[in-house]
Each structure stands twice: as C-alpha cells, then as structure tokens.
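Peer 1: Below are the chains, spelled out letter by letter.
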Amino acid sequence: MREITYAEAIREALRQEMRKDKNVFLIGEDLGIYGGAFGVTYGLLDEFGEERVRDTPISEAAIAGAALGAAITGMRPVAEIMFMDFTTIAMEQIVNQAAKIKFMFGGKAKVPMVVRTPAGSGTGAAAQHSQSLEAWFTHVPGLKVVMPSTPYDAKGLLISSIRDNNPIIFIEHKLLYKTTGEVPEEEYEIPLGVADIKRKGEDLTIVATSIMVQRAISASKELEKDGISVEIVDPRTLKPYDKKTIIESVKKTGKVIAVHEACKTGGFGAEIAAMISESEAFDYLDAPIKRLGGLDIPIPYNRNLERHAVPQVEDIINAAKELIYR
Amino acid sequence: MKFTPEKLIDMLIKMYKIRFFEEKVDYLFALGLVHGTMHLSIGQEAVAVGAISTLKPDDYILSTHRGHGHCIAKGADINLMMAEFLGKETGYCRGRGGSMHIADVEKGNLGATGVVGGGIPIASGVGLSIKMRKTGQVVICFFGDGAANQGAFHESLNLAAIWKLPVIFLCENNMYGMSMSVEKAFAIENIAKRAGSYGFPGEVVDGNYVLAVYKVVLKAVERARKGKGPSLIECKTYRWKGHSKSDQNLYRSKEEIESWKMKCPIKRFKEKLIAEKIITNEEIKIIEENAKNIIEKAVDFAKNSPEPSVEEIFDGVYS
Ligand SMILES: Cc1ncc(C[n+]2csc(CCOP(=O)(O)OP(=O)(O)O)c2C)c(N)n1
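First to last, the protein sequences are chains A and B. For the first sequence, the working numbering assigns the number 123 to the initial residue and increments by one for each residue that follows. For the second sequence, the working numbering assigns the number 23 to the initial residue and increments by one for each residue that follows.
So here's chain A without its partners, still in its complex pose:
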C-alpha cells in the first residue's frame, strides 16, 4: 500500500469529506494560502475556495462559537485551533456551549463539529505552544476526544469524527505530522471508542496515546532484545475509550504501564489506572500499575530540559524493566 504522512492523511480525509458533503467546511486561522501553521490544509483553498476554507481573524472564542452555530443549523464545520494551548481561549464555547447544548435542549440539537488542534512538545516552542491538554476535555460530558498516533488512524478517525453528530476534539501531534505509514486511498471509517493493539505481546501491557505510541513501539523493539515481550494498546479515542481491550490485555500480561506526554498529575493515565484497578483485571496484576507522564512543569525552551520534561523512549524502557525485574 502507498505510504503518506500523518499530515497528508489528515488533509486527504478533509479533502474527501469536503468533496462528498458540501456542508463540510474548514474554519480557523491561516488555513488557506498559508496552509495552516503546520501545512496540514495546504492546497485545499485551491480546490474549495475561500468560502469553505475560511480564514478567520485571531479570535479563538469566535472560531469555536461560529463552528458551533453553524453546526446546530445544518453545517458540518471542521475548526482548527492553531495550537492546543489556544483552546483555552475557545473553552467557554466548547465546554459550556458545544458540549452541553444537545443535553440541555432535551437531546434536540445536533452538534456535528470537529475541533482539530495540534498538541505536544519537542519543537522548542516553549511553555505556551507545547501543552497536551486532552485530559481536560475528557472531563466534559458531551465531548468526544480523539487522539490518533498513525497516519492510518488519523485518516479513518477524522472521517468518522466529521460524520459524527457530536462535538469532537481531534488532537494531533506536531512531531507526528511528518511520520509516514500505509494509508488506503479510499475513504474508510475507524469507529470512535475502539482501541487498536499496535503490537502483540505477553509480558507487559503499555497503554500509550499519540506520540507515546511511537515511542512505546521503539522501546518495545529494544526490550525484545532482552526477551521482554510488550503488548501496546493505543486507545485512539480517549472519550469514549475502549476499556475492554485494555482489561483483556492486562489480564493476559499482569503488568501495565500507562504513558502519555501530558503532565502526570491528573493526566489520562490516572483514569486508565483507576479503571484497571476497579475492573476484573485487578486480580490478574502481578505488579503495581505504573504511570509515565510529563513532569508537572510548563514545557521549557531549552532543548535538553524540554526533552527531559516528557517521557522518552529510554524512560519507557526503564519503566518496563522496573516492572519486569521487580
């Protein structure tokens, strides 16, 4: 199969859905001629024009609100917030309005909107352009939270998100944009709420999200040399998320690490750990559940400090060995 990048996969999903459904449109900052800060929407302006590749002023609250208003009146907007850090400005419209409108109105409104936004550190952009805030959104009933780790998942999950009738936070990772993988040319959906086992193994389960899936895969290749067989579960969507696949894996391996880039305290790993300890998998555990997350600090500018602020391949290897050789 042909290989394309994560950014290209997202662009292809947008292009195919826009061709298919004239109500799908893009709204956000510098999407058109600039192609988005990371080039994801590059070229879409040429095909769909300014009406449907809609550049906005720097007004994140209005971007989210306009997407919401359009969504409840028959359009299917895909909004982009240039950096996940700036979802803070759009938060009122996303959290108080978009997430709750359907429920508050007795289930009557449909909110088919997607908010795409890149998260993550590793680009030297420092504390206000590097955050991973997914856990906040998972705390809000009414929202769905999607976090693809591969080009294949990015395309299929985005198509499903666009076709879904709920507000969706679609979290991309800056360091994944240039990674490549096999992606079918035709359209396909990946259902929201279904995990993917990225690697089968016997000794240890790693539940990883976004860029950490890639790091866990690298770590597992190293661990294999020491005879440690790792199973990697990628939830792909954090809300809803696939508890069953995680539980089954932990029952098999008896050991689990949850790893994400976001700060450890209050991160999604806490949810996974708590869920496992409440589940039937608890009785199968041979070791405490381990969480690996970012340090509880803002992301520093300095390259070396920045690297130390979030889990790297070697941190995953060390954590795995700690669990295995207890």
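If you are wondering where the hints come from, they were derived from the structure by calculation, not from laboratory data. Note that the structure is predicted; figures quoted are calculated from it, not measured. Accuracy of the hints is not assured; some may be wrong.
Heads up, simulated BS3-like pairs for lysine-lysine below, C-alpha to C-alpha not over 27 Å straight-line [claimed, not checked]:
#1 B/LYS263 x A/LYS300
#2 B/LYS206 x A/LYS144
#3 B/LYS241 x B/LYS258
Chain A stretches covered by chain B per the calculated footprint, using a threshold of three residues with CB under 8 Å from any CB of chain B [claimed, not checked]:
#4 150 to 156
#5 181 to 192
#6 207 to 213
#7 238 to 247
#8 419 to 429
Every residue, glycine too, gets a C-beta built ideally from N, C-alpha and C.
Once you have looked at the hints, place chain B with the ligand on chain A.
Peer 2: Coordinates of chain B with the ligand only, in the frame set by chain A:
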C-alpha cells in the same frame, strides 16, 4: 518638539542594536544554533524605540511574540537576551523561555507572551496596580493588529477606560497577522478608531518615523500620568521578514515587501539626522560598528555560557 542631540542619537543607536540583533539571530537560526522558532521585527524598529523612549526607567512595558525590539528599547542587556536565545542558564529566563518570552522584570519589562493578545488584560492589571499604589508610573502595552481581534482586547480596553487606568495600548499594525491582511481581518480602516467606542482617544501614526511615534506616545503618556486614563495608538508599519520560520510569504508580493523596505525606519531617521547636521556619516559608521560589536560579544557570551542543569528542572514552577 525639541530633542537634545543625545536623545536623538540614543534612539538611533537603539534602532541599530535591534536591527543587528535580529539579523544576527536570523543567521544563528540558519546555522541551526537556535531551537524552536522566532519572530523578527526588522522594519518595525521605530515603533519600539519611539514609544519606549518616552518612558522613565521605572515605567512598565508588556511585549509580544515579536518583542526583541521592545526589550532592547527598554534597555535590556544584549548578552542576557542572546543567552536566552541559545537556551542558556545565563539568559533572561534561564533558558526556560526562549525568544518568545524574554522578560526583564527589574527594568520594567514585564515580558513577552506567545499568546496573541495575552498581554492586553495583564496591562490593565498593571495599570490598576499603578493606580492603587499611586506611583505615577505608566504602562505601554504592545500588541499586533491581529491581537486587536481577540475578545480580551475589548474587555481590557473597557476596563482601563472605566477605571481611568494609566495604560497606553499600542497597536503595532504591521499589516498582517501571519497570513491575514488587515484588509481581510477588519471592516474598518483604522484600528485606532475603536478607542472612541470605549470613550478614550485613539490616534494613528506613521510607525516608520521614530519621532512621530515618540510625539504621539508622549501625549498619551502625559495624559495617563495625569490620571486621565488610557489611549489607543496605532502605529502603521511593516514586517519585512516572514511571520516566523515556517512562513513562505505566499500571501504578499515581493513588490510590496520591497516598497516597504524603501521606507526603512533606520535609513529615514539616519538621513534626517545627517541632513540636520546632528550627526556625520563617520559618526554613523562608528555607531554601527559599536552596535555590531555588542552583538558579537553577546554571541560569544551566550556560546560560552552553561546549559541549564536538568537537576534544577523544577525550579521556578512555584515560588
Ligand atoms: C491566541 C493565539 N492564536 C494564534 C497564535 C498563532 N500566532 C502567533 S503570532 C500570530 C499573528 C499575530 O499577528 P499580530 O497580532 O498582528 O502580530 P504580528 O505577528 O504581526 O507581529 C498568530 C496567528 C497565537 N500565538 N496565539
């Protein structure tokens, strides 16, 4: 308005320092020595220098992602700026902040924000504090044309208006917010016009002429010091370089960029000072060389400075 030759020459020197600093960091970036991204204000030097030259040393400024000029105009130590650029422990932010977050709290530079419009509400808070502490200081809040379309702009200007806070809201209109031209982002011609809707003065000024900026800002500073409240000043200028390192400049023409280069604020000011016999060509050469030397020394200082240590990675999160 009368200026002493010393004041005029000081302004020219600062403009050169800004230009050479930014040309140097652009070069260091190209060499791969700088991590991340950065935003250059080449072509906009007259705004930072003209505005900040009206201030007393203990007055405040709030800067932006495009803030190197503001820092230098407020008297920043170039060594510490350069060290911050290279992410060194000796830098203004101990290597934690980088280009986008340089602050010099002791000198009244309350820092640059990476969030467009993020400094505007803070400025009203600084103004409030000045008023409550009765210190007679003022604060200049720099922001771009793009930032004026954040909701926070509206809330903060209104707050400053009703409480008559000593804030100078200084909009650096360089014609684009990233790829979006002001023609596309606004349905009005002058952003300064918005001041009227809050009930305070708004003025448009040629942002490429340092003395014009000075004059208009001084009026606003005097008004603020008298307790009469805020002003909004719009300096029309132009960003010569791309928005940041990811910019291919597809949204504007080469001709447009070249036409603004013809209006170089440094060249214009220099030629005026020469014509008025305040300075000679030879003296200009010396000023240029001195400024370049300061920048070179700063690069040496930064290169020879230590990296932050990982053991101290938690420093500064809480006090
Ligand atoms: C809240 C927010 N939205 C978007 C961005 C991305 N961004 C950084 S600078 C910029 C353009 C800002 O334009 P303007 O305020 O006119 O300042 P200029 O860059 O022209 O100096 C954008 C969109 C950001 N940093 N913060």
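Peer 1: Indicate, hint by hint, whether the structure satisfies it.
Peer 2: Hint-by-hint comparison with the structure:
no., hint, verdict
1, B/LYS263 x A/LYS300, "holds (25 Å)"
2, B/LYS206 x A/LYS144, "holds (24 Å)"
3, B/LYS241 x B/LYS258, "holds (18 Å)"
4, 150 to 156, "holds (count 5)"
5, 181 to 192, "holds (count 4)"
6, 207 to 213, "holds (count 3)"
7, 238 to 247, "holds (count 3)"
8, 419 to 429, "holds (count 9)"
Consistency with the previously given hints is maintained throughout, with no hint failing.
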